[in-house]
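Using the hints, position chains B, C, D, E and F against chain A.
Protein chains: 6
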Amino acid sequence: MFSVTVRDHIMIAHSFRGEVFGPAQALHGATYVVDATFRRTHLDADNIVVDIGRASEELHAVLDDLGYRNLDDEPAFAGMNTSTEALAKVVADRLADRIHAGALGEDARGLEGLVVTLHESHIAWASYERSL
Amino acid sequence: MFSVTVRDHIMIAHSFRGEVFGPAQALHGATYVVDATFRRTHLDADNIVVDIGRASEELHAVLDDLGYRNLDDEPAFAGMNTSTEALAKVVADRLADRIHAGALGEDARGLEGLVVTLHESHIAWASYERSL
Amino acid sequence: MFSVTVRDHIMIAHSFRGEVFGPAQALHGATYVVDATFRRTHLDADNIVVDIGRASEELHAVLDDLGYRNLDDEPAFAGMNTSTEALAKVVADRLADRIHAGALGEDARGLEGLVVTLHESHIAWASYERSL
Amino acid sequence: MFSVTVRDHIMIAHSFRGEVFGPAQALHGATYVVDATFRRTHLDADNIVVDIGRASEELHAVLDDLGYRNLDDEPAFAGMNTSTEALAKVVADRLADRIHAGALGEDARGLEGLVVTLHESHIAWASYERSL
Amino acid sequence: MFSVTVRDHIMIAHSFRGEVFGPAQALHGATYVVDATFRRTHLDADNIVVDIGRASEELHAVLDDLGYRNLDDEPAFAGMNTSTEALAKVVADRLADRIHAGALGEDARGLEGLVVTLHESHIAWASYERSL
Amino acid sequence: MFSVTVRDHIMIAHSFRGEVFGPAQALHGATYVVDATFRRTHLDADNIVVDIGRASEELHAVLDDLGYRNLDDEPAFAGMNTSTEALAKVVADRLADRIHAGALGEDARGLEGLVVTLHESHIAWASYERSL
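Protein chains in written order, with the numbering used here: chain A, 1172 to 1303; chain B, 1172 to 1303; chain C, 1172 to 1303; chain D, 1172 to 1303; chain E, 1172 to 1303; chain F, 1172 to 1303.
The set of hints was computed from the structure by calculation and includes no laboratory data. Hints are not guaranteed to be accurate.
Treat identical chains as interchangeable: a pair holds within one or across any two.
Subject to a maximum C-alpha distance of 20 angstroms in a straight line, what follows is the list of computed DMTMM-like cross-link-like pairs (lysine to aspartate or glutamate) [unchecked claim]:
{"no.": "1", "residue 1": "Lys1260", "residue 2": "Glu1283"}
{"no.": "2", "residue 1": "Lys1260", "residue 2": "Glu1277"}
{"no.": "3", "residue 1": "Lys1260", "residue 2": "Asp1243"}
{"no.": "4", "residue 1": "Lys1260", "residue 2": "Asp1235"}
{"no.": "5", "residue 1": "Lys1260", "residue 2": "Asp1215"}
{"no.": "6", "residue 1": "Lys1260", "residue 2": "Glu1190"}
{"no.": "7", "residue 1": "Lys1260", "residue 2": "Asp1217"}
{"no.": "8", "residue 1": "Lys1260", "residue 2": "Glu1228"}
The shape of chain A in the complex, shown without the other chains (with noise of 0.2 angstroms):
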């Protein structure tokens, strides 16, 4: 199984619901240092997974919809705790969404699988795998 990765940011304020967050019900806020994960078993005609500047630019794409927001204020998340769990979940959905429609072109069909990891610190991370 071979498997290319890039890497991209976002900045972005939230609060939480919920006694289980203690301070994190204030309004706070976050860096994500966010890495996309793309899997295919085989590799496609150039011998690569997917073409890691289109990669690079759709995932650019999808955060550039998340970023420097207040995601209080997001109706799409209206009523839930983004979560950095949640918020990978989100992030890997709208690009495979995208690879569906084609944004990364033909031969990037052959992808199987997705991986979106949101570092919050250098002691927390969260990810979201998904096949595609």
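Then chains B, C, D, E and F, alone, in the frame of chain A:
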């Protein structure tokens, strides 16, 4: 599949028995930067894998029983080479015991797997992965 | 010249005023991974720059007054752009006040300088350096 | 499942054929920071996955045949795009050949899997995973 | 003293002349992860060292003239060993020229110093520091 | 001013004397990831700060005399707390002795300064800086 990882560290002394270990047969030591990864298919009612604060506390408690010690003197490791990979299993199994005893709360009973990685330097690390 | 550095982090929300900030004029947030470096020419009687445990505690205390907050609502920052570099100075000055007040003990009075670095992402960070 | 990872690096020149590669069609180069991960279900008689010293030596030997070269001139890669992911497979397969030939010793015959990751920059890396 | 650092990277091919370089006398290549640090004593009217967006763009522009090339073929480097430290100076001097030409705006004229660091691997890097 | 840095590591056991060290008064250990930085104003005839291969070898030789040992048993450290900062000075001074003895060659006599940093964990490190 979702995961959350928290990082901490310990500093220990130990020695190894067996020619394969070369100079590491002498008493020496290590800093282990320890990553504990918690996995589950579905998020809990708070939209998280695990309370990251409590996960960090439990990892810290497990490491507190190992750190600032000469592992050669620990009865728990009598006759055992405390290799990085073997210690990864020790940490994972002790964390699993705590999870099963309810230390991470009721919601954490949905956890399905655990990976513990010990980084012994910038060029070597070891992991142990188990189900819960 | 000797130095010791300890690392911690905070997660905050804020916004910026000024065209130069582009999309960062909107409410967003950041994780700052914070490094505090303590400098002195001669080690103390214990052969150290500073008690690393107490240094970590003091850094943590300074960061506790900043983290899990919307900095736009903090009276201390009224009318001020809380840029990464400006916050580095805030952390350094507050640490210096604590050192001068004796928080790191008598031996720490031999400290001569302080550098605080805030990493806002994997591709950008800022520092403030001052004497003590 | 246990694993041990060792890290090394190579510096090579190469070029790519195919429009998808854009400016990377020109002769350029890369530093690949290379991680080789060795996996097995049960530890050996010394309580380890593999002799970390010998594993490092074998990885170094494999990389020595690749580094400080223009890969475009290597007969082994004639007509092949030496993408990061393709090179990960080359390193993994050559390591596997050495393991099968006994280079890591008798105990290493218990190894079950291998993952090789090549980091081409701080924002992109690729992996190849195989069984042994 | 304040500083802001931004990170980017280039991938180049080159070779060295001189016995001291050993196997690196052959055509090979490198990824350089490049950090550019901007220093000044006083923050500007926006409370920043430099517009981090523009600083990143200028660094990127300087690197664009170097990346995806065989440096042995560049007239600018004829007869010169393009060592990591020498390239750090090239990047710093070109950035300085742009700053002096006003590329970072009027406020950036308050910048006093520049440090450029090129990381050639996880175990080696080089810097060049100059005033502005 | 130019600099070149090379990285290596050691794994040692030791203990500390003094209440300030708390639990670290017990025999424990550390991995020190060691960075040695060589500085000079002008590059040598080969356009480098120092032969990076020889610099790495000399650092390795210095570390070889420290690693895989219990520092409490070393006559050189009798009655001395081998704190991270104190060990940084030991490594720097031993490297300086080798440079003065010509170990890095004639051209290395142009070196003006040395910084040695020992990372004891992901959240703490110490440096010693000296002239040559």
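Here is how each hint holds up against the structure:
1. Lys1260 <-> Glu1283: Classified as both; 16 angstroms inside a copy, 18 angstroms across copies.
2. Lys1260 <-> Glu1277: Answer is neither; intra-copy 24 angstroms and inter-copy 23 angstroms both fail.
3. Lys1260 <-> Asp1243: within (17 angstroms within a copy, 30 angstroms between copies)
4. Lys1260 <-> Asp1235: within (16 angstroms within a copy, 30 angstroms between copies)
5. Lys1260 <-> Asp1215: between (26 angstroms within a copy, 14 angstroms between copies)
6. Lys1260 <-> Glu1190: Result: close neither inside a copy nor across copies, 23 angstroms intra and 32 angstroms inter.
7. Lys1260 <-> Asp1217: between (29 angstroms within a copy, 15 angstroms between copies)
8. Lys1260 <-> Glu1228: within (19 angstroms within a copy, 26 angstroms between copies)
Hints 2 and 6 from the earlier list are contradicted by this structure; the remaining hints agree with it.
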